[in-house]
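K.L.:
With chain A held as given, fit chain B with the ligands onto it using these hints.
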Amino acid sequence: MTTAVAFDDRSHDFKASTLVAVWIGFAALAVASFALPESTVPAWMREVPPQWRLGLDTAISNFMKWLVNDATFGLFTFREATRSISDFLNVLLTAATAIFSTGILRGSGSTAVQLAPPLPWVAVVGIMAALGYRFGGIRLALLAGGAFLYLAVFGQWASAMTTLASIAIAVPLGVIGGILFGILGYRVPLARRIMEPVLDLMQTVPIFAYLIPILFLFGFGPVSALIATVIYAMPPMVRVTMTALESVPNEIVEYGTMSGTTRRQMLFKVMLPAARPQLLVGVNQVIMLSLNMVIIASMIGAGGLGYEVLTSLRRLDIGRGLEAGLAIVVLAIALDRLSQAYASRRLTVQGDGQRFAIALLAFTVIIYVLGLIFPAVAIYPASLKLSTAPWWGEAVKWINIHFFDTLDAIKSALLLNVLIPIKRFMVAQTWVLVTAALAFAGWRLGGARLSVLVAALALFIAFNGLWEKAMVSVYLVGISVIVASAIGIPLGILGGLSDRFWRVLEAVIDTLQTLPSFVYLIPVVMLFRVGDFTAMIAIVLYALAPAVRYTAHGIRNVQPTLIEAGTAAGCTPFQLLTKIRLPLATPIILLGINQTVMLALSMLVITALVGTRDLGQEVYIALTKADVGRGLVAGLCVAAIAIIADRLIQTAAKRLAAGQGGRTREP
Amino acid sequence: MTDTALTCRGVWKLYGPDPKGFLANRESWASDTDIKDAGYVTAVVDATLSVSRGEIFVIMGLSGSGKSTLVRCLSRLIEPSAGEVMFAGRDLLKATPKELIELRRHKMGMVFQHFALLPHLTVLDNVAFPLEIQGVPRKERETRAREMTALVGLKGREHNLPQELSGGQQQRVGIARSLATDPDIWFLDEPFSALDPLIRREMQNEFMRLQSVLHKTIVFITHDFDEAIRLADRIAIMRDGRIIQIGTPEELVLSPADDYVAEFTREAPRTKILSARAIVRAKRDGEMITGEISADSKVAEFAKEVEAATGAFAVRDADGELIGVVDRAALMSVLIETAEAS
Ligand SMILES: Nc1ncnc2c1ncn2[C@@H]1O[C@H](COP(=O)(O)OP(=O)(O)O)[C@@H](O)[C@H]1O
Ligand SMILES: [Mg+2]
Numbered sequence: 101m102t103t104a105v106a107f108d109d110r111s112h113d114f115k116a117s118t119l120v121a122v123w124i125g126f127a128a129l130a131v132a133s134f135a136l137p138e139s140t141v142p143a144w145m146r147e148v149p150p151q152w153r154l155g156l157d158t159a160i161s162n163f164m165k166w167l168v169n170d171a172t173f174g175l176f177t178f179r180e181a182t183r184s185i186s187d188f189l190n191v192l193l194t195a196a197t198a199i200f201s202t203g204i205l206r207g208s209g210s211t212a213v214q215l216a217p218p219l220p221w222v223a224v225v226g227i228m229a230a231l232g233y234r235f236g237g238i239r240l241a242l243l244a245g246g247a248f249l250y251l252a253v254f255g256q257w258a259s260a261m262t263t264l265a266s267i268a269i270a271v272p273l274g275v276i277g278g279i280l281f282g283i284l285g286y287r288v289p290l291a292r293r294i295m296e297p298v299l300d301l302m303q304t305v306p307i308f309a310y311l312i313p314i315l316f317l318f319g320f321g322p323v324s325a326l327i328a329t330v331i332y333a334m335p336p337m338v339r340v341t342m343t344a345l346e347s348v349p350n351e352i353v354e355y356g357t358m359s360g361t362t363r364r365q366m367l368f369k370v371m372l373p374a375a376r377p378q379l380l381v382g383v384n385q386v387i388m389l390s391l392n393m394v395i396i397a398s399m400i401g402a403g404g405l406g407y408e409v410l411t412s413l414r415r416l417d418i419g420r421g422l423e424a425g426l427a428i429v430v431l432a433i434a435l436d437r438l439s440q441a442y443a444s445r446r447l448t449v450q451g452d453g454q455r456f457a458i459a460l461l462a463f464t465v466i467i468y469v470l471g472l473i474f475p476a477v478a479i480y481p482a483s484l485k486l487s488t489a490p491w492w493g494e495a496v497k498w499i500n501i502h503f504f505d506t507l508d509a510i511k512s513a514l515l516l517n518v519l520i521p522i523k524r525f526m527v528a529q530t531w532v533l534v535t536a537a538l539a540f541a542g543w544r545l546g547g548a549r550l551s552v553l554v555a556a557l558a559l560f561i562a563f564n565g566l567w568e569k570a571m572v573s574v575y576l577v578g579i580s581v582i583v584a585s586a587i588g589i590p591l592g593i594l595g596g597l598s599d600r601f602w603r604v605l606e607a608v609i610d611t612l613q614t615l616p617s618f619v620y621l622i623p624v625v626m627l628f629r630v631g632d633f634t635a636m637i638a639i640v641l642y643a644l645a646p647a648v649r650y651t652a653h654g655i656r657n658v659q660p661t662l663i664e665a666g667t668a669a670g671c672t673p674f675q676l677l678t679k680i681r682l683p684l685a686t687p688i689i690l691l692g693i694n695q696t697v698m699l700a701l702s703m704l705v706i707t708a709l710v711g712t713r714d715l716g717q718e719v720y721i722a723l724t725k726a727d728v729g730r731g732l733v734a735g736l737c738v739a740a741i742a743i744i745a746d747r748l749i750q751t752a753a754k755r756l757a758a759g760q761g762g763r764t765r766e767p
Numbered sequence: 006m007t008d009t010a011l012t013c014r015g016v017w018k019l020y021g022p023d024p025k026g027f028l029a030n031r032e033s034w035a036s037d038t039d040i041k042d043a044g045y046v047t048a049v050v051d052a053t054l055s056v057s058r059g060e061i062f063v064i065m066g067l068s069g070s071g072k073s074t075l076v077r078c079l080s081r082l083i084e085p086s087a088g089e090v091m092f093a094g095r096d097l098l099k100a101t102p103k104e105l106i107e108l109r110r111h112k113m114g115m116v117f118q119h120f121a122l123l124p125h126l127t128v129l130d131n132v133a134f135p136l137e138i139q140g141v142p143r144k145e146r147e148t149r150a151r152e153m154t155a156l157v158g159l160k161g162r163e164h165n166l167p168q169e170l171s172g173g174q175q176q177r178v179g180i181a182r183s184l185a186t187d188p189d190i191w192f193l194d195e196p197f198s199a200l201d202p203l204i205r206r207e208m209q210n211e212f213m214r215l216q217s218v219l220h221k222t223i224v225f226i227t228h229d230f231d232e233a234i235r236l237a238d239r240i241a242i243m244r245d246g247r248i249i250q251i252g253t254p255e256e257l258v259l260s261p262a263d264d265y266v267a268e269f270t271r272e273a274p275r276t277k278i279l280s281a282r283a284i285v286r287a288k289r290d291g292e293m294i295t296g297e298i299s300a301d302s303k304v305a306e307f308a309k310e311v312e313a314a315t316g317a318f319a320v321r322d323a324d325g326e327l328i329g330v331v332d333r334a335a336l337m338s339v340l341i342e343t344a345e346a347s
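Sequence lines, in order, name chains A and B.
Be aware that the first sequence starts at 101, since it is given in the working numbering, and climbs by one per residue.
Be aware that the second sequence starts at 6, since it is given in the working numbering, and climbs by one per residue.
To be clear, the hints were calculated from the coordinates, so they are not data collected in a lab.
C-beta: ideal position from N, C-alpha, C; glycine also.
Hints are not guaranteed to be accurate.
The calculated lysine-lysine pairs, modelled on DSS-like cross-linking and capped at a C-alpha distance of 30 Å, are [as the list claims (entries may be wrong)]:
| # | chain 1 | residue 1 | chain 2 | residue 2 |
| --- | --- | --- | --- | --- |
| 1 | A | Lys369 | B | Lys309 |
| 2 | B | Lys103 | A | Lys369 |
| 3 | A | Lys523 | A | Lys725 |
| 4 | A | Lys369 | B | Lys160 |
| 5 | B | Lys309 | B | Lys288 |
| 6 | A | Lys369 | B | Lys99 |
| 7 | B | Lys144 | B | Lys25 |
| 8 | B | Lys112 | B | Lys41 |
Sample of chain B residues at the chain A side, in silico, Cβ under 10 Å [said to hold, decoys possible]:
| # | residue |
| --- | --- |
| 9 | Glu152 |
| 10 | Ala155 |
| 11 | Leu156 |
| 12 | Arg182 |
Here chain A stands alone, though its shape is the one from the complex:
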């Protein structure tokens, strides 16, 4: 069945010709606003004038000022509360940093005296390899040990250990916090009803937007970075905990009751242990998200690898940036595989684990003592360090010498002929017209409720005075999504048709997805410098995976009977693809595009670093100025775009699938 058929069932009350006429009308108006001289369109339609705006940014900023300066909980003020949280986290962070990176210090700054050194590098590499061996055998041991060895050999040790120290605090906090909120949501339906939309929003508001209030409340420094990381990494753990507790088999809960457990015993001795496998999947997610935050967190004061990447990127020192970026990737892969192996391994008897822990502790102590005697055991000798930075620098130079003209020509041609015209077109669109078109589309697809929702979100953007910037964002995201789909869907089709190809492809996109979003920027900046074109390529790379994955899944999971029917009817393989597989897979492909849009939007703010002029940049500027209201409002506008796209595409996919008489199952 085709798209037209699927949409027709709802349109019988509305003649198809009228529908076409309306859309042609919208298109004509859109072209007119672009083509006619600027003076023909009233200025208030382009950007809502200041006196009509909501003033949300000022309100938020004033509220934050009030919080920090005047708010009090009776016994203590708000400022005292944030300060004690900050002190507490600082203690944790200092302890972890002492273990991994600085050693135990007396005094501070450059006058500090080291009382005891940190963990020797040999010990850390050994511990990781041992954990790898225990969770996943010799291959994982080599992978984990090798990864940390890489960090030592390539001179990333000190930064990596600073990063690891903050991860070592952020992950437990995120996990414990997530479990606690999850339990609350599981037990108290009201709490759950409040938390669900908040979690949804947290996943669509760009991370930068909530860096700002944290920066405002806790100041610049590792503690703020830690808080941001925890807040960013916790939401999936909350969700995982709620579903994990819900899916504990009913009989096990009944057994708990029948053995006379108290509420607390039921939770801690029956339900949480029974939900352990699922909870561990959540832990893996927290680890990966924490690593994803490494670079971003360095914007508000985290040191380590993220800081290295950020400063290198700012100085356009590609070699060093790439080395540090690779180190993050290596760390991410090692921790991901370790935690995945731990989560999926069979349970073993406890006494066994104790013996292992004791052996590991003994090993660490021995190495530590050895390290006091032989410095090479404690600190990787500088003379044996390798660096690829000069090599990368040379490579970039070489590419620039030989290909600069070609690359620049490609870039300029695309910019002049494609990107800039589209950008002009988008920026010329008025909020009046776009809101009307969105409302109409929402109404046709999902009825009055959807129509009101998308129109209200569009008006929210307009009446915060961010219309033009939002249009630039839509242009950048839109074109990136189109390019990503143009690459991802064909790849997905190939992957869906050939098992061998899919195995390779899946390995590649799995790896791509473990990379922190920032890392994508580095090679692109290296080749194309800064600007919209660079941003677009980085977004495409980051957002490609779901388009591929969903397409392959959709092509693969067409009912075998339908394929047989097609074959029996004498379809050629090509006809099978175009007449059966693709049309049936369309709803799922749409969902994949939806995910691509979401990822593209989350990458948007990061690309502000390479000089785009959109909502992302608005957030970024607000961050550098610690302007809470401005940043949050711009962040909410990004979320608004995300929600509009999400609801429209999802509704379309659902209706298409309903037209086919099936349901869309996500991969």
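P.N.:
The following block gives chain B with the ligands in isolation, referenced to the frame of chain A:
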């Protein structure tokens, strides 16, 4: 066996908008269809039964007939919509949460269809779990758990995890665990239904062996009539939430309350169910008596002996009173009934 351990009277469980209010207002409805029309699912309807001390009381019914719901009402895992459940001298439905915890810790044990073992604990820790949550010291509870593990034949498996055991072994753990606290009443909800037929038979024998040692008061749920016959002192047959008949296997076979019950009993192994008392005829004057049989012994137990002899056997009850005789012809009629039924 006159001493009752557990009684329930007029227990209802409805699922729907306001079961308690609906049941309180009984004038407004009469039949099961009225209940359904009012938007309620009937899980248990007006159940009344009493279980004697030391008895194996089996609740039998097809799937969806309300067995699990009823047994959960008896232990108050499910809150009944109406009725009373008398256990340990009090109405269980009026017990406070604290009292309930105490009752469950010391007086009730339960075995589940899918074992419900805690996946993260070893066999020993699973069996010791009910003691652990009562705060029994580690040494003591482990000694007890070892005893129970050995009792169910799992010696040597103490340090395995549940996932390393077969289904039958897992249910043995479930049984050991539910007995660790030495409960007064033992609920088993289809304990053997998830097992293969051969293992199921073995577990039934094991269960009877345990009961001959322990003499527990047992409420045993099954959907398998053969299992019910093999194990039960008395059987309650359920259908659509109602208990339609309660009786010994013999009573059910001899006088089924309706066609539904008769349908179940048709293929039942009569020689193992019927006792001498059920097939006696009056002694004819001057008839030769070849031997003696007690009135309660089952046909299968004396069939060979009677078949080999030419004369009749005197059947005497517990007081030695002659209640009639049994001969080859009587055996034949049992066999013919069995053959006709199947
Ligand atoms: N939570 C519930 N909500 C609605 N109906 C239920 C619920 N639990 C059980 N029932 C219904 O009650 C009836 C009896 O179920 P159950 O006691 O599990 O039967 P059995 O154990 O005999 O198979 C079934 O029709 C079932 O659908
Ligand atoms: Mg049941």
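K.L.:
Work down the list of hints and note, for each, if the structure agrees.
P.N.:
Right, here's what the structure says about each hint:
The straight-line distance between the Cα atoms of Lys369(A) and Lys309(B) is roughly 57 Å, outside the 30 Å bound, and the hint therefore fails. Restraint check: the Cα-Cα separation between Lys103(B) and Lys369(A) comes to about 18 Å, which is no more than 30 Å; the hinted pair holds. At most 30 Å may separate the alpha-carbon atoms for a hinted pair to count; Lys523(A) and Lys725(A) meet this at roughly 27 Å. Restraint check for Lys369(A) and Lys160(B): satisfied, since their Cα atoms lie roughly 25 Å apart, inside the 30 Å limit.
The straight-line distance between the Cα atoms of Lys309(B) and Lys288(B) is roughly 21 Å, inside the 30 Å bound, and the hint therefore holds. Proximity of Lys369(A) to Lys99(B) is assessed by CA-CA distance (about 27 Å); at most 30 Å being required, the pair is judged to hold. With a C-alpha separation of about 47 Å, the suggested pairing of Lys144(B) with Lys25(B) is violated against the 30 Å cut-off. With a C-alpha separation of about 36 Å, the suggested pair Lys112(B) and Lys41(B) falls outside the 30 Å cut-off, and the hint is violated.
A least Cβ separation of about 18 Å between Glu152(B) and chain A goes past the 10 Å threshold, and the interface hint is therefore violated. For Ala155(B), the suggested interface contact is broken, since its CB lies about 19 Å from the closest CB of chain A, more than 10 Å. For Leu156(B), the suggested interface contact is broken, since its CB lies about 18 Å from the closest CB of chain A, more than 10 Å. Interface hint at Arg182(B): satisfied, since its Cβ lies 8 Å from the closest Cβ of chain A, which is below the 10 Å cut-off.
Comparing the model with each earlier hint shows violations of hints 1, 7, 8, 9, 10, 11; every other hint is respected.
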